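Engineer: Next come the chains, spelled out residue by residue.
Number of protein chains: 2
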Amino acid sequence: MTEQTMMIREMCDAFDVTPRTLRFYEAKELLFPQRDGQKRLFSKRDRVRLKLILRGKRFGFTLEEIRQLLDLYHVGDQQHTQLSRSVSVGRERLADMERRQIELSEAIADLKDQLGWGERMLRTTALQGEAAE
Amino acid sequence: MTEQTMMIREMCDAFDVTPRTLRFYEAKELLFPQRDGQKRLFSKRDRVRLKLILRGKRFGFTLEEIRQLLDLYHVGDQQHTQLSRSVSVGRERLADMERRQIELSEAIADLKDQLGWGERMLRTTALQGEAAE
DNA sequence: CACAAAGTTGACGTTAACGTAAGTTGAACG
DNA sequence: CGTTCAACTTACGTTAACGTCAACTTTGTG
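If you read the sequences in order, they're chains X and B. For the first sequence, our numbering assigns the number -5 to the initial residue and increments by one for each residue that follows. For the second sequence, our numbering assigns the number -5 to the initial residue and increments by one for each residue that follows.
Just so you know, not all the hints are guaranteed correct.
It does not matter which identical chain is used: a pair holds within one copy or between any two.
Claimed, not checked - Distance condition first, Cα-Cα at most 27 angstroms in a straight line; then the derived BS3-like pairs of lysine-lysine:
#1 Lys33 with Lys106
#2 Lys51 with Lys106
#3 Lys38 with Lys22
Bear in mind the hints are in silico, worked out from the structure with no lab data behind them. Remember, it's a predicted structure, so these values are computed and weren't measured experimentally.
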């Protein structure tokens, strides 16, 4: 029960990705499924990583950036030197994301503002009617 | 003074992009520089749009998504029908960005947590020293 | 045992967002 | 007036992240 493993189809259904994507991520060394014969078996660890990968993608990080960060979420398998690198990379990413958070707030405020104008405009022009078809 | 226009080089310096990028955005109908002979003249409006484009890119939106949104920031030039579309698109983007904001907060919290573990780990393994070089 | 279903490995195709290079044009300058 | 310099057009090249297709194994099923 501790080695709850999944086959490729289940993974695809669970995470809404294609087999091609999973194989691609393996080729890029983002995932490391074991094998049963030639079939891939995805462990709990792979699932955690995949979840992080997809999240990272939603934030616009490249797969390479994500890969460098992934090891941080797997403390224990690493040597001091490697972990040190991971932490360092992690700190940069964190700063990155915090900057983004601020900018995102600004953008949201802006957009709300513009939507306000747009909607107000819609109401007034609606009253006036329009000439051209 | 109301028609403060800039040439391509100034634009590039001001926004840290290449000429190619500006021409590309024009080709994709994201910018509409006027012409003086064959030279492009970028207006205040183009600059506002470019700023929004770059911001949009930082959030991972595609140029096409950005283009659909841009008109919203130019209320007044539009007909009711068009504005209505813009507002509708804008509302979706807003919802999008608000979801992102939440997810981003989660991701930041997660990453901080992991960094905590990583740093703690670093300190303890540092004390133990290591065998392998 | 035939065969369908699911998985596998190449290998080439595709899209977005520019990069880059080659040749042209127009204004400005000594 | 020759030339330098910036900007222009045209067009092919590039990278990331998969999609798609063809041609096998492997495994379960009637």
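Engineer: For which of the previously enumerated hints does the structure constitute a violation, in increasing order of number?
Structural biologist: 1
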